[in-house]
Amino acid sequence: MSPAVDSAERTEQERPVLEMRGITKTFPGVKALSDVNLTVRPGEIHAVCGENGAGKSTLMKVLSGVHPHGSYEGEIFFQGEPVAFKDIRASEQRGIVIIHQELALVPFLSIAENIFLGNEQRSGARGLVDWNATMRRATELLRRVGLRENPQTSVADIGVGKQQLVEIAKALSKEVKLLILDEPTAALNDEDSATLLDLILELREQGIASIVISHKLGEVRRIADTLTILRDGRTIETLTVREHPGDTPELSEDRIIRGMVGRDLDHRFPDRTPYEGEHTTALEVAGWTVRHPVDQQRKVVDDASLTVRRGEIVGIAGLMGAGRTELAMSVFGRSYGRYESGTVRVGGREVRTRTVPAAIDAGIAYVTEDRKQYGLNLLDTINRNVSLASLSGMARHGVVDEHEERSVAERYRKSMNIKAPTVHEQTGRLSGGNQQKVVLSKWIHADPEVLILDEPTRGIDVGAKYEIYTVIDKLAAQGKAVLFISSELPELLGMCDRIYTMAEGRLTAEIDRADATQEVLMRHMTRNRS
Amino acid sequence: MTTTTKPSSPTPPEDAPPPVQAVARSAGAVLLENMRGHMRQYGMLTALVFIIVLFQIWTDGTLLLPNNVSNLIQQNGYILILAMGMMIVIIAGHIDLSVGSLVAFVGAMAAVMMVKHDMPWVLALALSLLIGAVAGAWQGFFIAYVGIPSFIVTLAGMLLFRGLTQIVLEGQSLSPFPSGFQNLAKGFIPEMGPYTQYHNPTLVIGLVAIVFLLLRERRDRKRQLAYDLDVLPTGLWVAKCVALTAAVVAFTLTLASFHGVPVVMLVMTGLLLGLGYVMRNAVVGRHVYALGGNKAAAKLSGVKDQRVTFLVFVNMGVLAALAGCVYAARLNAGTPQAGLNFELEAIAASFIGGASMSGGVGTVMGAVIGGLVLGVLNNGMSLVGIGTDYQQVIKGLVLLAAVGFDVWNKRKAGR
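Listed in order, the protein sequences are those of chains A and B. Counting from 1, position 392 in the first sequence corresponds to residue 392 in my numbering; the numbering is continuous, with no gaps. Offset between the second sequence (1-based) and my numbering: plus 530.
Take these hints with a grain of salt, some might be off.
The list that follows gives simulated cross-link-like pairs (lysine-lysine, DSS-like), each with its CA atoms no further than 25 Å apart [stated by the list, open to error]: (1) A/K474 to A/K414; (2) B/K752 to A/K414; (3) A/K474 to A/K419; (4) A/K86 to A/K216; (5) A/K372 to B/K752; (6) A/K372 to A/K414; (7) B/K829 to A/K372; (8) A/K216 to A/K419; (9) A/K372 to B/K825.
Just so you know, these hints were derived from the structure itself, not from any lab.
Isolated chain A (complex conformation) (with noise of 0.2 Å):
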C-alpha cells in the first residue's frame, strides 16, 4: 500500500480522502462487518470486491450516513476530519455521493430536473425554481459528463446508459469529492459500460475519487488502482492493482477470485457428466420471427431456427439487444412482442404455446434474467414460490396439499443448498444466489422438458455460481434440454456443448465446444446485417 509516512509529515496530498478504521456493524443477531478498515487516498479509484453478503453493501451505507453515527462501532475520517454522519444529506454536504445499482431518477421528470432534485436552483427565497439557472447549469454538467441530450428530455425516453450519466452529472453537481458507485454497470451493455468507465478515469483526473463497488472483474483490472477484498464482513487484504494511472494492472483475476472466495478457484465450471439415453431432438424451434410490441416495423427476432437435444446444453451468446431474450420470452407462452411466424416442436410433436400455460403443458420452462421482477414474488415464502408453477400437480380438486408442498420445497432447500433457516422465510430476504436457486427450483420442479435458462448467474457470487453449474450440469445429465443464455462468454464456453451466436435479432452461426473461443463468439456476435 501507500509508503510508510510518518502521520506528522503527510502533505496534504498524501493524506487519505477516507479512512474507515475498525467499522463494526451489528444487526439483531448477525455481525454484518467486523473491524472493517478501508483507506482511499485522494484521487484513486478503488475498488471493493467480495461475494455477495461480504459486506460492501453494508459498509457503503455506514460510509453514506444511511446507517447513522452511533449504530455501528469504528471511526471515519473523512479529508483528514473525523465525521458523524446522522443521514444522507449530511454526507452529500460534505462531498460523498453514492450512486445505487438500482437509479434513483423520477422517469417522467426532465434530466435538469432530476439533477438538480432536492438541491434546486432557487432564485430569490421565496421557494421559487431558477430555470434559467437550472438549464444552464444542467447543461453545463451534461457537457462534463459527455451527455449529449436536451436537458428537458424526459429520463424515461433515455437508455439505461445514458440514465447512468445522469445520476453522475447530479453527483457532480452537488460538488462530489468522493463518487460511490454500487455495481455501475450491472444494467448497462458492454459500449455503455465503456464509456461510463472512461468517464470515471476522467473525474480521477479532475481529482475526484471513487469507490467501486462490482462483480465483474475486468472491470476492477480495467480502472482501479486499489482494491479491498472483503468477506464474511471483514476486510480481507488490500491490493494495489497498478502503481500509477494507465499501468497494465498487475493483478489477475483468478488473484482476485482466491482472496474474495477464501481458495483457489481451479474449477470455475464443474466437469460435465454424460448423458446415458438417446440424444433425440427436444426443442425444435423454426423460422420464429417477432416484431416489436410497440414498433411494429421492427423484427426483434427474425427468422430464428435453432435445436436442442436430450442431455445437451445448448449456448445463446448475444450482446445486449441482440434478441435473445426476447426469443426466449416470445416462445415461453408468446410473452414477448407481436408473434408473425414460426414453429415450436418439443419431443418431435408439435406445440402450441400461445399462452404461458400451454407452453408450460408443453414442457417448456423459462428462467427469468430479473428474478425480482419476473421470477418471484418477493413477499412470499421460499415454498410457496417453489410450488408456484406447478401447483395443479401438487393439489387434489384444487385444494393444494400443504404438506407436501412443505416437504417438496424442504427437499430443494437441501438439496440446492438454498441459505435460509426454513422454508417460510421470505424470498425477499434471501441474497441474490439463494434467490435464484429458489427460481430454479421452481421450475426443476415443474419437471419440464426443456430449461430456457436466461442469464441464470447474473449478479450473483462466484461461490454461489458454481453451485448453479452444478445443478444444470445435473439437469442436462439427467436429460433436459437446457438453453442457456449468457453475457459471459467464459460461462458458455464452460459449459455448453453448442454455441447459437445472436445479433440483431438472427441467429449468425452454431459452433461446437471444440471450436468454440471467446474470440469466434465474439465475431459472429458483432456481425452486422448486410
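Go by the hints and put chain B onto chain A.
Leaving out everything else, chain B in the frame of chain A:
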C-alpha cells in the same frame, strides 16, 4: 493480509440479515417464528382482546352480556361479510369502492322483488346474489380484460349503483319484508329439545366446533411430524388446545344463555371457513396471492391473471349482494341511503386486519379481526355514551395506529 483457506461460510443477505438461528431450535424460537409471519394479525388479535377487556370494565360488564354479544354480531355481520371480500380484492392488488352502493342497489332490488312483486323470499335472495355476481362480473370484466384500473372502474360503479338504487326505488323506501327474510339479520337458530338453562342447538354447535378444531390440530401435528417438520413442543401444544377449547366454551355459553346462535353468524362462519380455506389451500387462492405479490412473475409462472382477477371481483359482487340483503333485512326496508360509506369501513377493516396497500399480503381471518376491532369499538363507545363525532375520530386514529404499527414493525425487521 490474511489468507485463510477455509471455504466461505454461509453468508447472510446484505440488506436483510435473518435473526440468529440456533442449531437446536428451542420452543420459543419455533413459537416466535410461527408468530413472525403473522405479526400484524397476532398484534391485532391482542389489540382486540385488549379493547374487549377495556370496554368490559368501562361498561361494568355490559359489553359481554349475552344479549349485547348477540347484538354485536348482528350489528357487524354485513361489514364483516364485506371485509372478507374486500380483503381478497386487496390481496389481489386491487380495491373496490363500489361495495357500499352495491349493498344499497341489491337491497333495493330485493325490496322491489319482495314488496312490489310478492316474490318468495328464498327466490328473491337467490336472484339478489345473482345480481351481485353480474355486477361483480361487469366490473371484473373492465378491470381484468380491458385493463382499466380497479380504482377507476369501482369509483364509476360507486356512482352507477347509487344512481340505479335511486332509480329503482324512485327515491322512496320500500318495506316490509317477509319474516323469513328478516331472520337473515335478526333471527336465531330455533330452539330444540328439552328445556335446559341453555339454548340446546347452540351447545351442540359449540361441541362440534371444539371437536372439529381439536381434530384439525391433531391432524396438522401428525402430518407435520410425519414430514419431519418443526412442531410446537408437546406442552405448548396442549396449552394451545386448552386455550382454544376454553375460548369456544366461553363463547358458546354466552350465546346459549340468550337466544342462541344468530343466523347471520352461521352465514359468516361458513364464509370465513370457506373463503379462508380457498385462500389458504386452493390453487386459485394461491394464484390470488401470487398476482398481488408480483403480477409479472405470476404470469410467467402460468397463472391465468385475467381469469383470477375476474373471479375475485365476481366473488366481491356476490358478497356485497349478501351483505346488501342482510342489511336490508336488518333495516326491514330497502332505502336509497343504505350502505353509505360501507366500502370505507370494509377497507379500514382489511387494513387493520393486516392487508397491504401493494397487495399480496393478508388473510380472511385478518379481515374479520379488523372488522371486529371496529365493531367492538363502535358498540363499546356507544354503550359508554361517546358520541358518534368522537367515535369517528377514535376509529380514524385506530386505523392510523394499526397501519403505523405495521410499518414500524416492518422497518425494524428489515433494517
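Among all the numbered hints in the text so far, which are the ones the structure does not match? As far as the earlier hints go, 4, 5 are violated by this structure, in ascending order.
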